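Novice: Two chains, two frames, some hints: make the complex.
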Amino acid sequence: MTSDFCDALWPEEQRSLALRELAELSGLSETEVVELVEYGALAPAGTTVEQWVFSVGAIGVARTARRLGDEFALEPHAVALLLAYLDRIHELEAELRAAQARGTFQP
Amino acid sequence: MKFKDYYAILGVGRDATADDIKKRYRILARKYHPDVSKEPDAERQFKDVAEAYATLKDPEKRAAYDQLGTRRPGEDFRPPPEWSTRFGDGAGAFEDMDFADLFAGLAGRAAQGGRGRRGPAGAMRGQDYEVTVPITLEEAFHGTEVSLDLTTTELDGHGLPHRTPRRVKARIPKGPTDGQVLRLPGQGGRGRNGGPDGDVYLTIALRPHRLYRASGRDLFLDLPVAPWEAALGAAVKVPTLAGPVELKVPPGTRAGQQLRLAGRGLPAPEGAAGDLHAVVQIALPTTLSEREKSLYQDLAAASNFDPRRHFG
Chain B
1 MTSDFCDALW
11 PEEQRSLALR
21 ELAELSGLSE
31 TEVVELVEYG
41 ALAPAGTTVE
51 QWVFSVGAIG
61 VARTARRLGD
71 EFALEPHAVA
81 LLLAYLDRIH
91 ELEAELRAAQ
101 ARGTFQP
Chain C
1 MKFKDYYAIL
11 GVGRDATADD
21 IKKRYRILAR
31 KYHPDVSKEP
41 DAERQFKDVA
51 EAYATLKDPE
61 KRAAYDQLGT
71 RRPGEDFRPP
81 PEWSTRFGDG
91 AGAFEDMDFA
101 DLFAGLAGRA
111 AQGGRGRRGP
121 AGAMRGQDYE
131 VTVPITLEEA
141 FHGTEVSLDL
151 TTTELDGHGL
161 PHRTPRRVKA
171 RIPKGPTDGQ
181 VLRLPGQGGR
191 GRNGGPDGDV
201 YLTIALRPHR
211 LYRASGRDLF
221 LDLPVAPWEA
231 ALGAAVKVPT
241 LAGPVELKVP
251 PGTRAGQQLR
261 LAGRGLPAPE
271 GAAGDLHAVV
281 QIALPTTLSE
291 REKSLYQDLA
301 AASNFDPRRH
311 FG
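Line by line, the protein sequences are chains B and C.
Quick note: the first sequence uses our numbering, first residue 1, plus one each step.
Quick note: the second sequence uses our numbering, first residue 1, plus one each step.
One chain only, chain C, in its complex shape (with noise of 0.2 Å):
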């Protein structure tokens, strides 16, 4: 593993006090949290200084760092052999890890773990973990099945953590709306002392449609018409994520109407199906040939429609 100097990436001094710590990681998460940061590369950043700041706001595992002495950043490190004895007999088993689950791994003998987390008899739950999985509108309508690839923190036999790429295979069922929270029981990681394993939570995002926008469960169509299929109404076939359908559009649509096909939209896991909405569009060849050219003059001379009389 490669040493950190936690107290540079935070940038104070050795001596700094708790509160100097934790103000200067307030401004710091400030700068690079990617929820807010604009800054590049915040995401690494980030990632840095909550490592840091995770060892140094505990006073027992800033105690244990502080023990390593300083070394040169980058620098190729192994924990003193006495270290083995703070994980029983778990000497030998620092080969894999990463330098901050070393302190992760010590608060986890010392505390047995993280807030909240425990029950009775030192049974602790396995850690939750949440996945963004981007679906297209089709895979929302029939449900699919998708692999996620999860890096999780296991703890060995003697206590000590180790990062292990997992593979969790999930079947979404059909109508997940965008935003909509699933939950993989048991999947997380696992459970100490007889604590049930954690769970995944997938935030399902719905990718964006070349055909239709999706609001909840209610989906919405561009649907262009010719000027005479709105003025004298017309049957048109609509595309549907369950296949095409005839939609009659009355005499006398209007630019933006919406014409509403009922539980066309994205199915519900109970009650009703959302709806499909057509919005509709008067659209207009590009160029006109001679004829349609003259057909429309013979309708402006016919005609005494005002479409901006409200002008006055």
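Here chain B stands alone, though its shape is the one from the complex (with noise of 0.2 Å):
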């Protein structure tokens, strides 16, 4: 008897993607990919666009940037400042949840 159950997979870390595969994961145009990567949003491998490879982890910043854009009606250089200030939120996140996990802080 087989499971009908499907089994949740890792981030596949060192999986690399190209911008086609990159724009059509994240719902974004490619010419989209391209304008995050000019406002520093995105940092691809690679020295000319053809050439650009994308780590796994640019899937989330992609999607987050599509869902940004979408639901703010911002533009892309709005978006990619936007993900710069996010990222710092969820980095001050972790740091805050990591000193309430070792008892130094106190809400």
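Since the hints were derived computationally from the structure, they do not count as laboratory data.
These figures come from a predicted structure and were not determined experimentally.
By construction, the Cβ of each residue, glycine as well, lies at the ideal position given by its N, Cα and C atoms.
Be aware that a few hints might be false.
[Claimed, not checked] Per label pair, the in silico range of CB-to-CB distance:
{"id": "1", "chain 1": "B", "residue 1": "90", "chain 2": "C", "residue 2": "47", "range": "48 to 54 Å"}
{"id": "2", "chain 1": "B", "residue 1": "93", "chain 2": "C", "residue 2": "271", "range": "22 to 28 Å"}
{"id": "3", "chain 1": "C", "residue 1": "38", "chain 2": "B", "residue 2": "75", "range": "53 to 59 Å"}
{"id": "4", "chain 1": "C", "residue 1": "203", "chain 2": "B", "residue 2": "95", "range": "16 to 22 Å"}
{"id": "5", "chain 1": "B", "residue 1": "40", "chain 2": "C", "residue 2": "156", "range": "40 to 46 Å"}
{"id": "6", "chain 1": "B", "residue 1": "91", "chain 2": "C", "residue 2": "138", "range": "26 to 32 Å"}
{"id": "7", "chain 1": "C", "residue 1": "38", "chain 2": "B", "residue 2": "67", "range": "19 to 25 Å"}
{"id": "8", "chain 1": "B", "residue 1": "40", "chain 2": "C", "residue 2": "38", "range": "27 to 33 Å"}
{"id": "9", "chain 1": "C", "residue 1": "63", "chain 2": "B", "residue 2": "29", "range": "21 to 27 Å"}
{"id": "10", "chain 1": "C", "residue 1": "179", "chain 2": "B", "residue 2": "49", "range": "27 to 33 Å"}
[Stated by the list, open to error] Listed next, the in silico SDA-like pairs over lysine to any residue satisfying Cα-Cα at most 25 Å (straight line):
{"id": "11", "chain 1": "C", "residue 1": "22", "chain 2": "B", "residue 2": "82"}
{"id": "12", "chain 1": "C", "residue 1": "61", "chain 2": "B", "residue 2": "30"}
{"id": "13", "chain 1": "C", "residue 1": "22", "chain 2": "B", "residue 2": "5"}
{"id": "14", "chain 1": "C", "residue 1": "31", "chain 2": "B", "residue 2": "5"}
{"id": "15", "chain 1": "C", "residue 1": "31", "chain 2": "B", "residue 2": "89"}
{"id": "16", "chain 1": "C", "residue 1": "248", "chain 2": "C", "residue 2": "233"}
{"id": "17", "chain 1": "C", "residue 1": "38", "chain 2": "B", "residue 2": "82"}
{"id": "18", "chain 1": "C", "residue 1": "38", "chain 2": "B", "residue 2": "72"}
{"id": "19", "chain 1": "C", "residue 1": "174", "chain 2": "C", "residue 2": "163"}
{"id": "20", "chain 1": "C", "residue 1": "57", "chain 2": "B", "residue 2": "11"}
{"id": "21", "chain 1": "C", "residue 1": "22", "chain 2": "B", "residue 2": "85"}
{"id": "22", "chain 1": "C", "residue 1": "57", "chain 2": "B", "residue 2": "73"}
{"id": "23", "chain 1": "C", "residue 1": "169", "chain 2": "C", "residue 2": "158"}
{"id": "24", "chain 1": "C", "residue 1": "169", "chain 2": "B", "residue 2": "5"}
{"id": "25", "chain 1": "C", "residue 1": "169", "chain 2": "B", "residue 2": "63"}
{"id": "26", "chain 1": "C", "residue 1": "31", "chain 2": "B", "residue 2": "73"}
Specialist: This is how it looks when you write it as structure tokens:
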């Protein structure tokens, strides 16, 4: 008897993505991905657009960018700026959680 | 389906320009988006304004909406008979459709769906979905199985979208951390014209635990010890997610000191598991017996220890 449960997969950290694949997985257009790179929100390896290779972590960034762009009707440069602030917030939240876990911070 | 007055929802006139509509939407998104809003009922309000904007920002959808004329909001509504030709032979398929889906379906026909989702020859990848999955630390430690109820939007044979309830069953591997994103490949919306099915992304949310606090794969546990255990050292039983273990409290242990149990935190898919850190707390009985009080008085008289010497 086979189980009807589907295995949830870990992020494939070693996997790399080309521009088209990242666009497809994030729901952004290739032009929008290029703009996010230009504004510093994504940093692929490779010197030309054809050679660009994105890490698998770029999927989450690009998906958040699409959501912010759609839901707040923002231009790409505003989205890139918000992503930088969100990144900082996530870092601080992680530090806060770690401090709470160690018992060195009481809310 | 019920008619919705999208212009009224956004608070603009029917002659509003595209810029007016965008500006008004931005104001309302700032006000009602659940990420930033403190308004009561923000989520429902945002859903309404987002739905209105999705139709009015697109010239083709707006023109189709305008053709319907003005009606009372909430009035029962059926698309005019000629609309069936927009969907080929799709007449009669409007039965269980939502008002918003009517225009999404229209765009699906005209533009073949969302941006960036098309492959060659009209192949379209199915929609992805994101779900937050709360699990306990025990479930994260051992792995678990969850059933998720999603409402997906599937296109029928005529390209008309229909909201379809779906149950997705997922096996969560052991070792996810709080905020970890896992992927269920091919469990999202169905692809079209040979396009691949979408994925479901699961964001793991660890529920608070009565004993442990998680930081990544490391766990922290408050370990109360008696003053004499801290002073003299002791072997104490400590609960871990894999069962109790014995921990040696060294003599002279101070409050706040962390005693590490290597590899007793959350497991990792590859590499070493996290650690369990026991954070020492010096615990005192709430009431002292006469005998205990007498012994403490003897200790106070015998000791020259001054914990506040550094105050000067």
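Novice: Tell me, which hint numbers fail for this structure?
Specialist: 1, 3, 13, 14, 19, 20, 23
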